[in-house]
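Counting with our numbering, you get residues 1 to 707 for the letters of the sequence shown.
FYI, nobody ran anything at the bench for these hints, they're computed from the structure.
We put the beta carbon where it would ideally sit given N, CA and C, even for glycine.
Be careful, since some hints might not be right.
What the hints assert, rightly or not - Estimated spans, in silico, between C-beta atoms of each pair:
no., residue 1, residue 2, range
1, ILE273, VAL179, 52 to 58 Å
2, LYS444, ALA404, 24 to 30 Å
3, ILE273, VAL433, 40 to 46 Å
4, LYS267, LYS648, 27 to 33 Å
5, LYS266, ASP307, 49 to 55 Å
Claimed, not checked - DSS-like, lysine-lysine: derived pairs with alpha carbons at most 30 Å apart:
no., residue 1, residue 2
6, LYS169, LYS129
7, LYS435, LYS424
8, LYS648, LYS274
9, LYS67, LYS272
10, LYS533, LYS616
11, LYS238, LYS284
12, LYS411, LYS248
13, LYS79, LYS160
14, LYS310, LYS405
15, LYS160, LYS230
16, LYS274, LYS646
17, LYS405, LYS248
18, LYS207, LYS267
19, LYS81, LYS160
20, LYS10, LYS177
21, LYS284, LYS648
22, LYS67, LYS207
23, LYS498, LYS435
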Amino acid sequence: MSLKKEKSIKFNFDVSAYRLIGRELITDRITALFELVKNAYDANAENVTVEFIDINPLTPNSKIIIKDDGIGMQFSDIKNKWMVIGTSSKRRERLSPAPHKRKVAGKKGIGRFAVDKLGDKLVLRTQKKNSAELLCLETDWSYYSKLEDSQLKLNFEDEKPFFTDVENKYWYDNGDKEVQGTTLEISQVNEIWTENDINRAFKELSKLVPPNPSKTNAYPFNITIKSPYKDFNNVKVKTQLIDFASKKIELTFDKKEGVQEILQYKKGSLNKIKVPERPCGFLKLTLYYFDQAAKSKYKKHFNSEIDGIKIYRDGIITTPFAEYVADRNKQKDILGIDKRRWSGFFERLSTRDLLGYVEITDENNPDIVESTNRQGFVENEAWEELRRFIIEQIVQLESFFKNAKNVERTKTKSGLGAANQDLKILKREIASVKKEASPKVQEKLRSIEANLGKIQGSVTKSINDYSKLEKESKQQENLFMSLVSLQTYAAMFSHMTKHTLGHILTGAEYFYNNYPNPNLEDRFISISKSIYKEMLKLRKGVDFMLKYAKSDTELEEINLKELIVNLFDNIYVDRLNEEGIRTIVEIKDNLILNYNRKAIEDIFDNLISNSIKALKNNNEKIIKCSSLTSSDEVTILFSDNGIGIKEKDKHRIFDIFYTDTAEEGGAGMGLYMVKTRVEAMQGNIEVIDNEFRPTGATFKITLPFKK
Numbered sequence: 001m002s003l004k005k006e007k008s009i010k011f012n013f014d015v016s017a018y019r020l021i022g023r024e025l026i027t028d029r030i031t032a033l034f035e036l037v038k039n040a041y042d043a044n045a046e047n048v049t050v051e052f053i054d055i056n057p058l059t060p061n062s063k064i065i066i067k068d069d070g071i072g073m074q075f076s077d078i079k080n081k082w083m084v085i086g087t088s089s090k091r092r093e094r095l096s097p098a099p100h101k102r103k104v105a106g107k108k109g110i111g112r113f114a115v116d117k118l119g120d121k122l123v124l125r126t127q128k129k130n131s132a133e134l135l136c137l138e139t140d141w142s143y144y145s146k147l148e149d150s151q152l153k154l155n156f157e158d159e160k161p162f163f164t165d166v167e168n169k170y171w172y173d174n175g176d177k178e179v180q181g182t183t184l185e186i187s188q189v190n191e192i193w194t195e196n197d198i199n200r201a202f203k204e205l206s207k208l209v210p211p212n213p214s215k216t217n218a219y220p221f222n223i224t225i226k227s228p229y230k231d232f233n234n235v236k237v238k239t240q241l242i243d244f245a246s247k248k249i250e251l252t253f254d255k256k257e258g259v260q261e262i263l264q265y266k267k268g269s270l271n272k273i274k275v276p277e278r279p280c281g282f283l284k285l286t287l288y289y290f291d292q293a294a295k296s297k298y299k300k301h302f303n304s305e306i307d308g309i310k311i312y313r314d315g316i317i318t319t320p321f322a323e324y325v326a327d328r329n330k331q332k333d334i335l336g337i338d339k340r341r342w343s344g345f346f347e348r349l350s351t352r353d354l355l356g357y358v359e360i361t362d363e364n365n366p367d368i369v370e371s372t373n374r375q376g377f378v379e380n381e382a383w384e385e386l387r388r389f390i391i392e393q394i395v396q397l398e399s400f401f402k403n404a405k406n407v408e409r410t411k412t413k414s415g416l417g418a419a420n421q422d423l424k425i426l427k428r429e430i431a432s433v434k435k436e437a438s439p440k441v442q443e444k445l446r447s448i449e450a451n452l453g454k455i456q457g458s459v460t461k462s463i464n465d466y467s468k469l470e471k472e473s474k475q476q477e478n479l480f481m482s483l484v485s486l487q488t489y490a491a492m493f494s495h496m497t498k499h500t501l502g503h504i505l506t507g508a509e510y511f512y513n514n515y516p517n518p519n520l521e522d523r524f525i526s527i528s529k530s531i532y533k534e535m536l537k538l539r540k541g542v543d544f545m546l547k548y549a550k551s552d553t554e555l556e557e558i559n560l561k562e563l564i565v566n567l568f569d570n571i572y573v574d575r576l577n578e579e580g581i582r583t584i585v586e587i588k589d590n591l592i593l594n595y596n597r598k599a600i601e602d603i604f605d606n607l608i609s610n611s612i613k614a615l616k617n618n619n620e621k622i623i624k625c626s627s628l629t630s631s632d633e634v635t636i637l638f639s640d641n642g643i644g645i646k647e648k649d650k651h652r653i654f655d656i657f658y659t660d661t662a663e664e665g666g667a668g669m670g671l672y673m674v675k676t677r678v679e680a681m682q683g684n685i686e687v688i689d690n691e692f693r694p695t696g697a698t699f700k701i702t703l704p705f706k707k
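With these hints in hand, go ahead and build the complete structure from the sequences.
Here you go:
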C-alpha cells in the first residue's frame with residue numbers, strides 16, 4: 001500500500017520581480033509615460049496633465065506628476081486591481097463607464113509598473129466623485145531594491161520575504177466631493193529630462209489617438225504638458241491632423257459581405273478591389289504619401305518629420321512602436337517597411353515618405369496581440385499577415401508612382417526632342433530672313449543665331465545625357481533581374497556540381513586504384529565515358545551561369561523547346577530526379593523566338609524553381625510545359641500538380657515580396673521578376689485554371705512573334 005500523501009506548493013515572486021515587470025520590461029521612458037497616460041484614458045478621463053518639476057538638473061525635489069480627472073478609485077479598486085499583478089479587470093470589462101464607454105487600452109495588468117522606469121518613489125492620490133475622502137498609496141521602489149540587495153547576502157535557503165510580502169503604506173486625506181480622478185506623483189526621478197526629451201514626449205503623445213476628427217470628438221481626451229522649458233510650459237498636446245499630403249488613400253471593409261478593400265495597380269491606374277477576409281482580420285488603412293515639396297511644408301508647419309505608419313486598436317495607439325534612438329536609421333522597423341530586400345534597385349517608399357494609420361479592433365482582430373513590453377507584437381500568423389498587408393499596399397503605391405515617373409520622363413524626353421526640332425526650324429527661318437535683311441538687322445540676327453546655337457547645343461546635350469541615364473537605369477534593373485535568377489540558380493548549380501564531382505571522383509578513384517589492368521579494360525572504357533558525360537554536364541552548368549556576365553540587350557534566335565529541355569535534362573536534372581518529378585515538354589521543334597536568351601532562361605528558371613517547391617509534399621509529381629501558336633503570337637502553358645495557388649492570393653502572386661514559400665527560402669521576388677521579363681517582351685502572364693485539377697497551378701504566357 002502506498003504511503004504517499006499528496007501535498008501542494010505554490011508559486012511566489014522573488015522581490016526582484018519589481019525590476020522584471022518595471023524598468024527591465026519597459027526600457028524606454030516614453031513607453032512608460034504612454035502606459036500611465038493610457039491608464040488615465042481607460043479611467044474615462046477627459047483631461048490629463050503631465051508635469052515635470054526640477055528635472056534638469058535633478059534635485060531632491062525633482063518630480064513627474066500625472067494628474068487626470070477620470071473616475072478615480074476606491075479602496076476595493078486599489079486592493080483588487082491596482083495591487084494585483086496581471087489583473088483581469090480590463091479584460092473582463094472591455095468598456096469604460098458611461099458617458100464615453102471607451103474600449104479600454106490596458107489588458108496585461110502590469111502597465112502601472114511603468115512608474116519604476118520614471119522614478120523610485122510613487123505616491124498615488126485618488127478619489128471617486130461625491131467622496132469626501134482622498135485615498136493615498138505610497139510605493140517605494142528603492143526599498144524593494146535595498147531589500148533585493150540585502151537578500152543577495154543571505155543563503156539561498158534562508159527565509160526571506162517575497163515580492164507579495166512587502167507592505168505598501170496607504171492613508172486617507174480630506175477630499176473635495178466635486179473632484180474626481182487620480183494623481184501619480186513620481187519622485188526620486190531616475191534620469192534628467194532635457195528639452196529634447198520633453199519635445200519627443202510631446203510629439204509621441206500627440207499620436208495617442210489617430211488623426212481623425214470624428215474619433216477625437218467621440219473620445220474627448222486632452223493632454224497638457226507642464227515643464228520648466230519655455231516652449232513646453234502649460235502647452236496642450238494636439239493630434240497632428242495630417243495635411244499637405246500629395247496623395248491620400250483610404251481602405252475599408254464590408255464585414256457583412258466578408259470582403260476587404262486592397263490596392264491594385266494595373267495599366268497605369270491605382271484602383272481599389274475587394275478580396276476575401278485575410279488571417280489578420282478586417283481592418284481600415286489610411287495612407288498619406290508626401291513628395292518632396294509636401295514633406296517640406298509638413299515639416300515646417302508641424303516641426304516634425306514624416307515617420308511612417310502607426311497601428312490603433314479601438315481608437316488608441318497600440319504601442320509607441322519600439323524604443324527611440326537619435327539616429328532614425330537605427331530605429332526598430334517592426335513593420336518592415338524600410339528593411340525590404342533589394343530596395344536599392346527600386347524607387348521604393350520608406351517611412352520618410354509615408355504617414356498613415358491602421359485601425360484594428362478587439363472584435364475584428366483578436367489574434368493581433370501587443371507584446372508585454374509594448375514595443376512590438378506577438379509573432380503569429382495574424383501579425384505576419386498584417387505586416388504583409390501593409391507592405392503589399394505600399395508596393396502597389398510604388399508601382400503607381402514608378403509608372404507616373406516613367407510617363408513624366410517620356411514627356412520630358414519628347415519635349416526635349418520637340419524643342420530641339422523647333423530650334424532647328426527657327427534657325428532655318430532666321431537664315432532665310434537674314435538674306436533679305438539690312439546689314440544692321442543681319443548683325444542682330446547673327447547674334448540671335450549664335451545664342452540659338454548655344455541653346456540647341458545644351459538641348460542636344462540634355463537629350464544625350466537623358467538617353468544615357470535611361471540606359472544606365474535599364475542596365476541596373478537588368479542586373480537586379482539577373483541577381484534574382486542567379487540566386488535561384490546558384491543553389492541548383494551547387495547541388496548539381498556536388499553530385500557531378502562526386503560521380504567524377506568515384507570514377508577517378510577507380511582508375512587510381514586499378515589502372516593498368518588488362519582484365520578491366522571494358523570497365524575503364526565505361527567509366528571514361530561516364531566521366532566525359534559528367535564533365536559535359538558540368539560545362540553546360542558553367543556556361544549557363546556565365547550567361548549572367550553577358551548583356552541583356554543581345555538578341556538571338558532561340559529554339560524554345562531546346563531551351564526548356566536543357567533546363568530540365570541538364571541544369572535541374574539532379575534535383576528533379578531526387579524529388580521524383582516527371583517532366584513533360586509539348587512544344588514544336590521549330591518554335592523560334594528572337595530575344596535575349598538570358599531573359600527567357602530567367603523566366604523558366606524561376607518557374608521551375610517555384611514548381612519544385614510547390615511539389616514538395618506530393619506523391620506523384622509532374623511539371624509540364626506546352627505551347628500553342630497563332631499567326632502573331634505564341635501561348636506557353638507552364639503547369640504543375642503541386643499545392644496550387646489559393647483563390648484569395650491570385651491577385652497578388654506577381655507582387656514584389658509576396659511569397660508563400662518563405663520556409664523554403666522564397667523571398668517574393670521570382671514571380672515579380674518573371675512578370676517584369678514577360679512584359680518587357682510586350683507579352684502577358686496570368687494564372688488560369690489548372691490542367692491538373694483539383695490541385696496545381698498553370699501560368700499562361702502570351703508572347704508576340706514580333707516585338
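To see whether the hints hold, each was checked on the structure:
As the Cβ distance of ILE273 to VAL179 is approximately 54 Å, the hint placing it in 52 to 58 Å holds. In this structure, LYS444 and ALA404 break the distance hint of 24 to 30 Å, their C-beta atoms being roughly 44 Å apart. ILE273 and VAL433 have their C-beta atoms about 60 Å apart, which leaves the hinted 40 to 46 Å range violated. Between LYS267 and LYS648 the C-beta distance comes to about 22 Å, which lies outside the given range of 27 to 33 Å.
For LYS266 paired with ASP307, a C-beta distance near 30 Å fails the hint of 49 to 55 Å. A distance of roughly 23 Å separates the Cα atoms of LYS169 and LYS129; the hinted pair therefore holds under the 30 Å criterion. With a C-alpha separation of about 17 Å, the suggested pair LYS435 and LYS424 falls inside the 30 Å cut-off, and the hint holds. A distance of roughly 10 Å separates the Cα atoms of LYS648 and LYS274; the hinted pair therefore holds under the 30 Å criterion.
A hinted pair counts as satisfied when its Cα atoms are at most 30 Å apart, and LYS67 with LYS272 does not qualify at roughly 45 Å. For the suggested pair LYS533 and LYS616, the alpha carbons sit about 29 Å apart, so the restraint of at most 30 Å is met. With a C-alpha separation of about 23 Å, the suggested pair LYS238 and LYS284 falls inside the 30 Å cut-off, and the hint holds. Among the hinted pairs, LYS411 with LYS248 is consistent with the structure: their alpha-carbon atoms are about 25 Å apart, no more than 30 Å.
With a C-alpha separation of about 23 Å, the suggested pairing of LYS79 with LYS160 holds against the 30 Å cut-off. Restraint check for LYS310 and LYS405: satisfied, since their Cα atoms lie roughly 28 Å apart, inside the 30 Å limit. Taking the CA atoms of LYS160 and LYS230, the gap is near 49 Å; set against the 30 Å cutoff, the hint is violated. With a C-alpha separation of about 15 Å, the suggested pairing of LYS274 with LYS646 holds against the 30 Å cut-off.
At most 30 Å may separate the alpha-carbon atoms for a hinted pair to count; LYS405 and LYS248 meet this at roughly 18 Å. Between LYS207 and LYS267 the CA atoms are separated by roughly 36 Å; this puts the pair beyond 30 Å, and the hint is violated. Simply put, LYS81 and LYS160 have alpha-carbon atoms about 26 Å apart, close enough for the 30 Å limit, and the pair holds. Of the supplied pair hints, the one linking LYS10 and LYS177 is violated, its CA atoms being roughly 43 Å apart against a limit of 30 Å.
Pair hint LYS284 plus LYS648 holds up; C-alpha atoms about 18 Å apart against a cutoff of 30 Å. Of the pairs offered as hints, the one joining LYS67 and LYS207 holds, with about 19 Å between alpha carbons and a cut-off of 30 Å not exceeded. Of the pairs offered as hints, the one joining LYS498 and LYS435 is violated, with about 80 Å between alpha carbons and a cut-off of 30 Å exceeded.
This entry does not satisfy hints 2, 3, 4, 5, 9, 15, 18, 20 and 23, going by the numbered hints stated previously.
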